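Visitor: The sequence shown begins at 241 in this note's numbering and counts up one residue at a time.
By construction, these hints were calculated from the structure, which means they are not laboratory data.
Check the hints yourself; a few may be wrong.
Unchecked claim - With a cut-off of at most 25 Å between alpha-carbon atoms, the simulated BS3-like pairs for lysine-lysine come out as follows: (1) Lys367 to Lys453; (2) Lys511 to Lys264; (3) Lys367 to Lys339; (4) Lys452 to Lys412; (5) Lys379 to Lys313; (6) Lys493 to Lys313; (7) Lys327 to Lys315; (8) Lys288 to Lys376; (9) Lys339 to Lys327; (10) Lys322 to Lys493.
Computed from a predicted model, the values in this text were never measured in an experiment.
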Amino acid sequence: MPTDCISYQNSGYFSSLINDYLDKKNNLQSLYNRFPNLENFEAQIIEKEINFNGNGNVNGNVNVNSNFNGNEKRKILVSVLKKQYAKINTSETTLNNIKLLNHTNTFTVTTGHQLNLFSGPLYFLYKIISTINLTKELKEKYPSQNFVPIYWMATEDHDFDEINYFNFKGRKFRWNAASSGPVGRLSTEGLAAFFEVFAHELDSGKNAETIKKLFQESYLAHSNLADATRYLANALFGEYGLVILDADNQDLKRTFIPYLKEELTQQTSYK
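Build the full structure now, drawing on both the sequences and the hints.
Guide: This is the structure:
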């Protein structure tokens, strides 16, 4: 099939900073660890083994975080994910990926995005697809490791106005609701009326019925936006092994306490 491509640099959509990063300009290289090409992932894998798994000494490098119990935190993550997936139909591929997170040779490739209504912009889908594709490439390149695609839901984002709409046939469909806290906890009450307006704009064909059913099962059958978005993303990408995480969870936040303490007392990120 004939294709044509426009480079990021020629698209006009990206700043000079992003273009310079993509061009690997020398004056920016001090701002990041390593450029994400396929060959550089070998060093990234080794680094993550040292920093997370608590191996103490990997390839002659001392583990500066030897007090970090990576195995315990893997267990906590898997336990939380199993609870979050308990009420939705989960593919064997995704279930297997969740189990793989228990193993020290398993690494995640994570994308994060806001809980845009009915996926919102195409970027939501593009980021997830790119993440899934990268895990496949990494598995081919490094077969002795496992790579799990993660969609990290921005459930604690507060900017409801950025996510409460989508565009269809040149028209903006906006969900008008009051929101003042984490959007993941927001009730889906009122979306039934929204759906009636949206459904009226759809055709009566097979594809239209599929879209209607997906919206109903995602948003009208779940009481909050986090559960609705998890269902939607799982319905679209579950067969590819995507693991969806809601980090608005006490057990997960408890594991983050040491990092907060370190940042407050030592300003590590500033250094």
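Visitor: For every hint, state whether the structure bears it out.
Guide: Against the structure, the hints:
no. : hint             : in the structure
1   : Lys367 to Lys453 : holds (24 Å)
2   : Lys511 to Lys264 : holds (23 Å)
3   : Lys367 to Lys339 : holds (23 Å)
4   : Lys452 to Lys412 : holds (17 Å)
5   : Lys379 to Lys313 : holds (23 Å)
6   : Lys493 to Lys313 : holds (11 Å)
7   : Lys327 to Lys315 : holds (20 Å)
8   : Lys288 to Lys376 : holds (19 Å)
9   : Lys339 to Lys327 : holds (17 Å)
10  : Lys322 to Lys493 : holds (17 Å)
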